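So the chains spell out like this:
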Amino acid sequence: MSAEHTQRLAPFSRGQCIVLGCLAAAPLLERVIPSLQLSSPLRTVIVFAIMALGLNIVVGWTGLLNLGIAAFAAIGAYTFGILTCETYPFQVGFWWGILLAGIVGAFAGWLLGAPTLRLRGDYLAIVTLGFGEIVQDGLKNLEVITKGTQGINPLPAPSFFGTVLTSENNVQWFYLYLAILVVIVWLMRNLEFSRLGRQWFAVREDELAARCMAICPDKTKLKAFAAGAAMAALSGALGASLLSSTGEPSNYDFQISILALCIVIVGGIGSITGVLLGAIVMVGLNVVVLPNIAESLQRNGIGSTSNVFSAPNNYKFLIFGLALVLMMRYRPDGLIQTKKAVRS
Amino acid sequence: MSAATTFTNTASTSANTGATPLLEIKGIVAGYGRVEVLHQISLTVNQGEIVSLIGGNGAGKSTTLMCISGILALRGGEIHFAQQRIDGTRADKLVARGLVQVPEGRRIFPRMTVLENLMMGAYCRNDRAGIAADLEKVYALFDILKLRSTQLGGTLSGGEQQMLAIGRAIMSKPQLLMMDEPSMGIAPLLVTKIFEAVRALNQEGLTILLVEQNARAALRLSHRGYVLETGRVVLADESKRLLVDPRVLESYLGE
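Chains as they are written, first to last, in the working numbering: chain V, 1 to 344; chain Z, 1001 to 1255.
For the record, the hints were derived by calculation from the structure and aren't laboratory data.
All figures in this text were calculated on a predicted structure; none of them were measured in a lab.
Each hint should be verified, as a subset may be incorrect.
Facing chain Z, from chain V, some residues (calculated, C-beta under 10 Å) [as the list claims (entries may be wrong)]:
id: 1; residue: 216
id: 2; residue: 217
id: 3; residue: 335
id: 4; residue: 336
id: 5; residue: 338
Dumping the calculated DSS-like pairs for lysine-lysine here, alpha-carbon to alpha-carbon at most 27 Å [as the list claims (entries may be wrong)]:
id: 6; chain 1: Z; residue 1: 1193; chain 2: Z; residue 2: 1173
id: 7; chain 1: Z; residue 1: 1137; chain 2: V; residue 2: 219
id: 8; chain 1: Z; residue 1: 1137; chain 2: Z; residue 2: 1093
id: 9; chain 1: V; residue 1: 219; chain 2: Z; residue 2: 1093
id: 10; chain 1: Z; residue 1: 1240; chain 2: Z; residue 2: 1193
id: 11; chain 1: Z; residue 1: 1146; chain 2: Z; residue 2: 1173
id: 12; chain 1: Z; residue 1: 1093; chain 2: Z; residue 2: 1026
id: 13; chain 1: Z; residue 1: 1093; chain 2: V; residue 2: 223
id: 14; chain 1: Z; residue 1: 1193; chain 2: Z; residue 2: 1093
Even glycine gets a Cβ: it sits at the ideal position worked out from N, Cα and C.
Turn these sequences into a full structure, and let the hints guide you.
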């Protein structure tokens, strides 16, 4: 009985190994088919996977609907920008930049969490939605610090053992981001089975019952908010480094929050493997599949970007919508189903 | 009001000479919004006793429990547990001190397995050996839980869920176990089984405060009882005397 608790936890589940392994093998496929663009766009997939994993803590594990996760990505990106950009006095470098972005993100998450503890369901969703808008407007209008709609640039690429990666080193860059993702997945898996993880599940299942088990729901929710926000901020910083710019504040709008939520839901709410798969499917379609199809069509002289109907990118939302409808009909619990919900 | 006070006093003087009070509630007042639900309720639970709290719908039974377990704030009065004042202490802190509630309507974690549910009960404990021993104790008490240990909590029947809720509370190593309507919506056969388990737990020394609408079953099980009516204690006596009290017979035992 207690064997389950004394048994050592394997560092990764089988599903996680398969998904991460497939990601790691992607650049090899690029070798086989040289025209394929994989490692470069897959970095974006990883960035979104990290954001969605953060959202999964809040939505999937603690059961709090957060529609403003993009705001934390923005906070992370701008923190990274201010701390690393050469036009600012700090210039702490890539690694300190992403670390501090995560910490500032956690603090921001805690700040949003504190006044909203009493809210649940729709009401919490509305407040987080508002928070997302406020952060965007704040960044836009704090021109002195954030440079308004220009965005902060240039931003440093990751450096590794003294070598600074450039756009030539896409494959190394990809593997570096993948390594960060692997560390995060490992952390998440340990969190899932930790005392804190149990606390989150208990609060999600039944707040009153959790209280009867000596769990303080308020503290538990705050920790979930902070952890989720920290991961989203980290993803924002990684994304900013990828673009060498924070981009303008409206890059972190409601659509990004919804995309992150779709990743969690399509992948399988609460499941780490599911969220990874969700990111690959949802973001991969956008940045890997469609551009590659477009390119090969163009190379073979079939389609052209000037023709609205023959450009695969224009079918993006159609495919998205269809995929969501079909998912809800045939796999309502997501690609990877965690323990099936029974009687709410 | 004056009648109520006299009854409380006679009960506490006649029935409990020499017993040490584990839980003492002194004139608590509480309510929701503008409505005052409890008007100066006083009651005592002594070490090793089963005390039942009976009364009709809206009498304030569950509210009393919510006040004791720290979920609802008091507007007046005091609550003492193990000689320490506890009103104003956060609910989750009280659990660690041994004041554990089995909430009304079972409230198990439906998407956790039976074993995971039980382990949640031991959340505030660190003694591995003690936890393992208590787990065996729970399985001995409710053998069905052992059979279903890998099943999700939500797939259990109502009665099994109630057993799980009680088992989970025992895993917190309570000094005082408070149960809110353990018989509600459960097949009579399982109610008997649950009440037998409650008696067995008490014989091992666990003090129990039982809130019940099923007055007859509760009074047969308990040592002493309090009758609540619209937020006041109207009767307090030994259970065997309450069982034959004409006022109780008429109002709650349907005779």
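(message) Output the indices of the hints that this structure fails to meet, ascending.
(response) Violated: hints 3, 4, 7, 14.
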